[in-house]
Amino acid sequence: MSDFSEELIESKTEDDQEESYVFSGTGMSFPWLQNHIGTIATGGKKEKDFAQTTSACLSFIQEALLKHQWQQAAEYMHSYLQILEDSDSHKRQAAPEIIWKLGSEILFYHPKSNMETFNTFADRMKNIGVMNYLKVRLGEPGGGFREGTDCMEHWLWCKNNEYCYRKYLLFVYLWGICCLWTDEDDYAYNAASQSMLNHSCKTSVNLGALIQTPGVWDPFVKSYVEMLEFYGDRDGAREVLTNYAYDEKFPSNPNAHVYLYNFLKREKAPREKLISVLKILYQIVPSHKLMLEFHSLLRKSEKEDHRKLGLEVLFGVLDFAGCTKNITAWKYLAKYLRQILMGNHLAWVQEEWNSRKNWWPDFHFSSFWAKNDWKEDKTLACEKALVAGILLGKGCRYFRFISKQDDEVLRKKIKRIKKSVENHSIVNPGL
Amino acid sequence: MDFPSSLRPTLFMAGPLGLSNVPDLSFMCSWRDALMLPESLPENSENGGPHMATQLLWEPETPGPLPLLPPGPDPWDPGVTAQDLLFRGGFTFRRKPRAVLDVTEQLSRFLWDHGDIAFAPLGKLMLENFKLEGARSRSKKKTVVSVKSLLQDLGGHQPWGCPWAFLSYRQRRFSILGGPVLGKSVASLLGELLHEELAVRWEQLLLDDAFTGGALAWVPGRTPQVGQLVYPAGGALDKLCFQEVSLTSSGAAQALRDPGHIQLRGPVRQVVTRTVQGETLLAVRSDYHCALWKVSKQGQPAPLPVLQVRKGATGISLSPHLPGELAVCSRSGAVCLWTPQDGLQQVYKDPETLVFCDHSSWRWADFTAHPRVLTVGDRTGVKIVDTQGPPGCGLLLFRGGAEASCQKGERVLLTQYLGACSPEPLHPTLHLICTQFSLYLVDERLPLVPMLKWNHELPSAPLWAQLLPPPRPGCPRPLLLGAQRGHLRLLHLTGEGASAPRLAGHPQSLPSSSDSLSAFPLLEPKSQWRLQERLKAPTIGLAATIPFPASEPVLSLFQLSAAGDIFHQRLRLQADPGATLHAPTASWTPQATAFCSRWLKALLKVPPPPPVWAAPTFSHRRLLGCMEQRTGEHKGPEGLRAAMAGGRLLQQRDLGPLPSAEPPPAPEPGPEDELSARLEAAWEGQMAAWWERQQGRSSGPSRPSKRHKRRTQLSSTFSSLSGRLDLSDAISPPHSPDRASPEAKSQPPVTPPSHESTQELWAQGVPSERQQTLRDYMAKLPLGGDSPRGVCSSLSQSPSLQATSSRSQTLQERTAELPPRRTTLRGAAVSSSQTSSLRATPSRQRASVPSGSQPQRKKPRMGF
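Protein sequence lines correspond, in order, to chains A and B. In case it helps, full-length UniProt numbering puts the first sequence at residues 1 to 431. In case it helps, full-length UniProt numbering puts the second sequence at residues 1 to 864.
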């Protein structure tokens, strides 16, 4: 941990003390302000020559990178290293980060670079104060994870101290990404392997601490739950997943609910429980592919409001532009509409339809889509035609177009559709 | 729709930046960017080495973009620069630079250029203290000053900056008398307003959001190789042009035929096009109006209703899901959805900004994956609003704060829904959000946590973005990002289905129009400078298309500049860029350089922007005739020769008085060569002739408009004074739409009264009738009560809109009467009712009123 650069955190303070740029109350900062001012400055104290050359060099590097001139960028980089001797402490402290960032980018794309150069570069960076554990991962997969785990422990104790907390968060952040570099598969494999088992005790403590920090920790949560399940700690796993899904400090991450649902499904939890998890997912992402599963669960439920929600969910899925060609959803809707209308729940359908009747016809059932769907996917067209017929009546463009088509294979099906529409259309329920 | 099964780990910090209990993580952004990089490593990175990563490089075919069309006939003026607004010199270098507005210089310029406006009302008040006649005053009051003697004392010299200015006791008395009044009122009343105006202009220079979204659109034709470019043209950008363009596989883009056009009554700010269910729609945003056209398969636009936005429209977007649906947002904070069935409905209204308080009234709206859910954005954040839900509710999608680890002072400049791009969207739920520092990709299913953040490092504001279809099947999708000063970035987005979106390869910068300078022949400095200015003109629109999606990956890119030029460049996707060390450099083809020199010739034929307006001068001496020394006119060179022969210092008395028509110190130095010409003339002793020439030239046709422009630039704030004095209304010819017509151009403009009088007097030289002339002259000064009044109430006129159905050659000509361009945004927001800010005017209702029958309204003064 001795390599952990303190300067990185301190470097902020100097800038803070300086009067921040606020102009006529806008509060907006403009990165191109200096350029404008530079065009008119005729006198006064100028930037030092050294600073001028280094900043010019930096812009050359950036330009070369953006033009994919890796060779040139490398040459400029060679000169840019002089910034490490800048007398301006602010710049000197910020420099390693810039060098590391640009240097690794150059080496990443440079056709002549290889792992060896990369390692040498990373070793040098260590000497000028960049956290070196980032490099470890590049050398050996999985190594970064282990080292990170050790560091993690070191930092946990100081969580109460505010100054330390900042560092801790920075660390968690960087370490998390460091772990990401470890391929998930690698980790899954390693977690099961003997070498990793030695570490797993520590890891469980540390991972547990990490995933309690607000954030998106999908790979870690997945792996952690896997590990807990591996040890048979199902209650622990459930708790982790529940916290991850329901803690208010976390962003509303749909995956958290998906993981919890999948876990409960593996556990063969009661349907009621599954429905309650998916209900929340439905509120967050009504277009999620699990919604069709949710619908199946609701359809089978005995409760009337669940069956009503089942219809709502299907309509909700089909509201989204990315789901318009989801044949399963259309199939479910066609089937369920008939079922519901046979069960004399016309009001449910009308309630859903009322908010959609002014845009669904153009969105789903226009003549453009009728032609297009028929050309691309006849089964989809048939399902949609049935729904269109039920919701809009026989006169609707989509239904008329499909019912006029003469297709040998689908003739029977179309006939059936026509009959269903006759019987169930909500437009003239009396007839 | 698949949601990424596993998201990238991110620390989530809620709340605003800089709160004590929340660590400011903005400084870690670059770390995160750097650390995102190895993600594009291929699976077998252990043995392959890092450079195995797939690289995507679009190689430009020419070193820079080329103009597509010959330059337009209107001269272009680059407008104010930082040099005009900021205090020059004496800057100490700061890490955080600070701009200081130079109010003093502007104020003194104003007093010189618009002394009538500044002093006339006071002059009128003080009339009783002045004695205009030459006769001796009977009253012995000390408070009455004789104008004659005062002017005599001034001696025709204008003591601005003149250390030898001699002060007589009369002058002293005058300054004691008038000093407090003049100084106070001008400084206090104008100074504050001027400062405000300069601040607005400076902000506009730093960020001009009027053209957010871009005023150039590519309307696809029947084949991908043929399409129409839709863009505004003309000096006022009020002519909407439809230029058919064909893209050939071998050479450059070809403009077919002359463009059809629709004349509008306001500047076009944004042009949006979208093809939904086979129907192509075109939406245009002007400052106070939005219009919609349906483009037929043959490329003919047919008008649909026009919307009026009282408070000024800031953004318009077309629905990617339902044909004809349109979202408009206005400066009042309202967002309206227009649908063919239900017409206009307000779906959201909040005059406050979303996340924290920000003064900007810029608003933006776009669609989402759900056709009835919109995004509403302002400078501080972006919100998702359900148009069918209860009003006011919504969910924050993006917050300019700790959630996105924003920097201090970071503001949203552009938001765009990326899911609309056909054929198969990347993720139909992705939104692009650009700030002045970074680019964010946000998924509407996971609000507040950006899926991707990239530091774009653009040296000007990114205001245009376009996601393109993949150049080859399976390729990542190019995302084009354009900034105001013509800078372009090309990124590649990948990640479909269950993987999170990410960048593929290193982003690329593309050549901008200023890189094309080398294609033009070398010119003498003045023309070279003009060409350079023209090429550096800010971009106001961007359009790109991949014309041969099946065969070869070529990207055709069009850029519209504020000068009205369209630049075109082609980029070819390089086959195997990974193997090369150096990115290949393109060179100019002979055809390209030949085309450029032709274009340049045409450009140089365009009359240059009229010379800088100079204050009118009044030759007091001539009027009063008491300093009559006309004989001294040719004394100069002789005196000089005598002095040189005598080897002594040249003195004022050798030269005689200065040429009486000597202009006052010009507020802005004219073009350099004018000065040299003048010096040359002076040296050869033809100073007077030169001045005569100069006078003749500068009072040419373009002068009044220039004067008008200059004035509006500066005086738009001084609305409090405009009621009394409105010279510009009386003198300037009406602007658009007649501006483009040749009749209007050939008409000699009316000379400003002050000029007229000056020149007449200059020509005649009437010392004998000086009393009478002086009286006339004074009568012409705007002290009288008969100056035009009441033209300033243009805002209350609430210009209506009308559409005519008269057909022009190819297109339906449509004249919409829009209010003229307003230079200050603030001025626009001052008056007009709070209630319905948008009103739909069905074009059919008004179609019966032909545009010609509308009485020619006096051109309202901008900002007044």
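Hints in this document: simulated from the structure, not taken from any laboratory. Treat each hint with caution, since some may be false.
[What the hints assert, rightly or not] No farther apart than 27 Å at their CA atoms in a straight line, the calculated lysine-lysine pairs in the DSS-like style are these:
#1 K394/A - K289/A
#2 K297/B - K375/A
#3 K297/B - K67/A
#4 K91/A - K112/A
[Stated by the list, open to error] To give an idea of the chain B side of the interface with chain A (calculated C-beta under 7 Å), a few residues:
#5 Q83
#6 L86
#7 K124
#8 A369
#9 H370
A quick note: this is a predicted structure, and the numbers were derived from the prediction, not measured. Glycine included, every Cβ here is placed at the ideal spot set by N, Cα and C.
Verification of the hints:
1. K394/A - K289/A: Status violated; Cα separation ~31 Å.
2. K297/B - K375/A: With Cα atoms ~21 Å apart, K297/B and K375/A stay inside 27 Å; holds.
3. K297/B - K67/A: The hint is violated at about 39 Å.
4. K91/A - K112/A: Measuring from Cα to Cα gives roughly 30 Å; hence the hint is violated.
5. Q83: holds, 5 Å
6. L86: With Cβ-Cβ at 5 Å, under 7 Å, it holds.
7. K124: violated, 34 Å
8. A369: holds, 5 Å
9. H370: holds, 5 Å
Hints 1, 3, 4, 7 from the list above are not met by this structure, while the remaining hints are.
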